[in-house]
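Same order as they appear, the protein sequences are chains G and Z.
FYI, in the numbering used here the residues of the first sequence are 39 to 233.
FYI, in the numbering used here the residues of the second sequence are 39 to 233.
Honestly, the hints are just simulated from the structure, not real lab data.
Any given hint could turn out to be false.
[To be verified] Listed next, the in silico DSS-like pairs over lysine-lysine satisfying Cα-Cα at most 27 Å (straight line):
1. G/K194 <-> G/K115
2. G/K146 <-> G/K211
3. G/K146 <-> Z/K115
4. Z/K115 <-> Z/K211
5. Z/K211 <-> Z/K146
6. Z/K146 <-> G/K115
[As the list claims (entries may be wrong)] Reference listing, derived: stretches of chain Z covered by chain G, where coverage requires no fewer than 3 residues with Cβ under 8 Å from a Cβ of chain G:
7. 114-122
8. 135-144
9. 176-185
10. 190-200
11. 207-218
Even for Gly, the Cβ is constructed at its ideal location relative to N, Cα and C.
2 protein chains.
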Amino acid sequence: MSLVLDAAAQDLLFREARTANTFTDEPVTDEQIQAIYDLVKYGPTSMNQSPLRVTLVRSPEARERLVSYLMEGNQAKTAAAPLVAILSADIEFHEELPQLFPHYPQAKDFFGDRGVRENAAALNAALQAAYFIIGVRAAGLAAGPMTGLDFAGVQKEFLDDDHAPLMVINIGKPGEDAWFPRSPRLEYEQVVTTV
Amino acid sequence: MSLVLDAAAQDLLFREARTANTFTDEPVTDEQIQAIYDLVKYGPTSMNQSPLRVTLVRSPEARERLVSYLMEGNQAKTAAAPLVAILSADIEFHEELPQLFPHYPQAKDFFGDRGVRENAAALNAALQAAYFIIGVRAAGLAAGPMTGLDFAGVQKEFLDDDHAPLMVINIGKPGEDAWFPRSPRLEYEQVVTTV
Chain G
39 MSLVLDAAAQ DLLFREARTA NTFTDEPVTD EQIQAIYDLV KYGPTSMNQS
89 PLRVTLVRSP EARERLVSYL MEGNQAKTAA APLVAILSAD IEFHEELPQL
139 FPHYPQAKDF FGDRGVRENA AALNAALQAA YFIIGVRAAG LAAGPMTGLD
189 FAGVQKEFLD DDHAPLMVIN IGKPGEDAWF PRSPRLEYEQ VVTTV
Chain Z
39 MSLVLDAAAQ DLLFREARTA NTFTDEPVTD EQIQAIYDLV KYGPTSMNQS
89 PLRVTLVRSP EARERLVSYL MEGNQAKTAA APLVAILSAD IEFHEELPQL
139 FPHYPQAKDF FGDRGVRENA AALNAALQAA YFIIGVRAAG LAAGPMTGLD
189 FAGVQKEFLD DDHAPLMVIN IGKPGEDAWF PRSPRLEYEQ VVTTV
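Generate the whole structure from the sequences, applying the supplied hints.
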């Protein structure tokens with residue numbers, strides 16, 4: 039075996055973890071989300087930018103508003119999930135760099151241009167979104183990430199001009215018939231080349 | 039404990055894993071990269087798009103060319119790393135959708151517009167880049183991801199118009215003084231809000 043990570047952890051995070059489309063009624067607590075965050079916050083980003091922000095949609099009224107911005111095929115499962123989160127990128131992340139990158143006080147100055155910040159925030163928040171999905175699985179929960187939605191509508195309804203939504207994630211214990219058969223993956227030779 | 043993942047795995051992947059700036063001479067084999075890929079290929083992407091591509095820069099001549107496109111502060115460590123990989127997003131990923139999403143033959147038709155493909159590839163390849171970083175750590179190796187580089191130059195030198203570079207990653211066993219002190223992370227309350 040070329041991996042050090044134990045097989046049970048490999049299964050939990052990757053091999054047996056699946057994108058869930060149905061969930062049980064078991065609630066997902068703030069303590070679980072805090073434990074997930076306290077683990078995945080250590081995942082690396084460029085200059086420790088850490089632009090990911092998470093909006094937990096807990097009130098029934100907010101849930102209803104969110105569902106109206108999803109593609110029809112994503113609506114029923116999102117209405118029924120124990121917890122739904124909007125993941126977004128904070129385009130003003132540079133304001134936190136003096137806290138996040140204290141040994142290099144000039145770091146904030148690299149990000150005076152909003153276009154530069156938008157690109158950096160999009161990449162690094164996406165990295166953190168992936169860490170978050172892994173963290174949900176580390177908590178023994180299933181994630182159902184979705185990008186089939188009206189992004190401008192979700193931004194206007196729940197966020198502001200400085201927070202760009204990346205995806206919405208349903209979170210919970212998988213229910214009955216929670217997933218489709220696993221789709222094929224690309225072969226190593228289709229993905230990895232050597233120069 | 040709110041997490042199911044065992045503590046040793048939490049440490050290996052997140053808490054004790056660090057972005058390495060120095061490495062030992064121990065080689066990183068193709069078998070290790072294949073084992074990493076065979077694990078992280080299961081990480082979820084939208085419609086199983088799987089746009090990440092990996093270029094392993096193994097020849098000394100290619101390494102030298104790559105180093106010339108990096109910011110000065112990244113050059114010496116990249117010249118000395120056991121293995122260096124360019125991660126890129128395949129903007130023509132939709133050509134593989136009939137293989138990747140076989141139960142929905144129309145999937146490819148969603149991506150006729152190149153701008154739509156560029157956005158989807160950027161997000162989903164970034165998710166997969168994060169899974170890859172986690173996979174490098176799962177192999178007991180350290181990753182040194184870098185975005186301080188001339189992206190257009192790397193694309194022209196190593197890729198083509200349909201492959202957008204995301205980052206370069208140094209990979210190996212951490213060496214002496216491999217990392218800076220851990221930078222602070224944002225508090226939970228700075229990241230997570232509830233509606």
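Evaluated hints:
no.	hint	result
1	G/K194 <-> G/K115	holds, 23 Å
2	G/K146 <-> G/K211	violated, 40 Å
3	G/K146 <-> Z/K115	holds, 24 Å
4	Z/K115 <-> Z/K211	holds, 13 Å
5	Z/K211 <-> Z/K146	violated, 40 Å
6	Z/K146 <-> G/K115	holds, 24 Å
7	114-122	violated (count 0)
8	135-144	holds (count 5)
9	176-185	holds (count 6)
10	190-200	violated (count 1)
11	207-218	violated (count 1)
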